[in-house]
Amino acid sequence: DAKTTQPPSMDCAEGRAANLPCNHSTISGNEYVYWYRQIHSQGPQYIIHGLKNNETNEMASLIITEDRKSSTLILPHATLRDTAVYYCIVRLSYQTGANNLFFGTGTRLTVIP
Amino acid sequence: DTGVSQDPRHKITKRGQNVTFRCDPISEHNRLYWYRQTLGQGPEFLTYFQNEAQLEKSRLLSDRFSAERPKGSFSTLEIQRTEQGDSAMYLCASSLPDEKLFFGSGTQLSVL
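For the protein sequence lines, the chains are A and B, in the order given. Under my numbering, the residues of the first sequence are numbered 2 to 114, in order. Under my numbering, the residues of the second sequence are numbered 165 to 276, in order.
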């Protein structure tokens with residue numbers, strides 16, 4: 002699986018959009034981009050994933066560049082409950098079988114009141 | 165959906181003792197995963213099951229570690245002759261094939 006690079010930490014003001022970048026320059030054509038987050042003392046929680054197109058769900062939006070070498074997770078209106086470590090993961094497509102995930106160290110997002 | 169349940173939440177043991185953790189996945193999920201997480205690091209994959217079959221094991225899973233899922237439902241992770249380096253959060257996750265993973269809250273192990 003391709004490796005990802007994320008900034009170690011970011012701050013965001015409550016109510017503002019949080020934009021979390023991820024570089025995955027070695028991503029291959031059949032690798033998806035996944036985002037999970039981990040709130041203190043809890044297990045990771047799935048947020049969103051995508052292959053080529055931008056995706057949006059009730060939690061966030063995922064913007065993937067045209068060359069797929071980077072992506073941005075957007076939390077449109079950050080709340081204090083969004084303070085967490087956010088992991089960007091790339092993994093092979095569903096058709097390869099095992100869908101275990103390989104995490105890096107993520108970005109620690111702190112939402113400031 | 166009652167979520168993935170792990171027991172115990174915390175375990176303190178002395179070096180050299182054996183410990184066992186239990187994971188109850190979401191009932192319809194046939195895939196179950198174990199991860200380990202140390203302070204400041206992301207979770208590291210240990211092993212996964214499809215039904216009762218253990219299909220993949222990480223090199224992190226030394227011979228002191230054994231995982232089972234005897235009836236394809238709950239799973240246990242046993243660590244024999246614990247060492248201080250085994251201190252970590254042990255996370256369990258479950259999923260349907262080719263679907264997103266749902267994680268439990270983990271078991272925090274402290275080896276004294």
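Simulated from the structure, these hints should not be mistaken for lab results. Ideal placement from N, C-alpha and C gives every residue a C-beta, glycine not left out. Each hint should be verified, as a subset may be incorrect.
Said to hold, decoys possible - In silico PhoX-like cross-links for lysine-lysine, where the CA-CA straight-line distance does not exceed 25 angstroms:
1. B:Lys-178 to B:Lys-235
2. A:Lys-70 to B:Lys-221
3. B:Lys-221 to A:Lys-4
Said to hold, decoys possible - Stretches of chain A that chain B covers, calculated by requiring three or more beta carbons in the stretch to come under 8 angstroms of a beta carbon on chain B:
4. 42–56
5. 103–114
Outcome of the hint check:
no., hint, verdict
1, B:Lys-178 to B:Lys-235, "violated (31 angstroms)"
2, A:Lys-70 to B:Lys-221, "violated (30 angstroms)"
3, B:Lys-221 to A:Lys-4, "holds (20 angstroms)"
4, 42–56, "holds (count 7)"
5, 103–114, "holds (count 5)"
In summary, the numbered hints that this structure violates are 1, 2.
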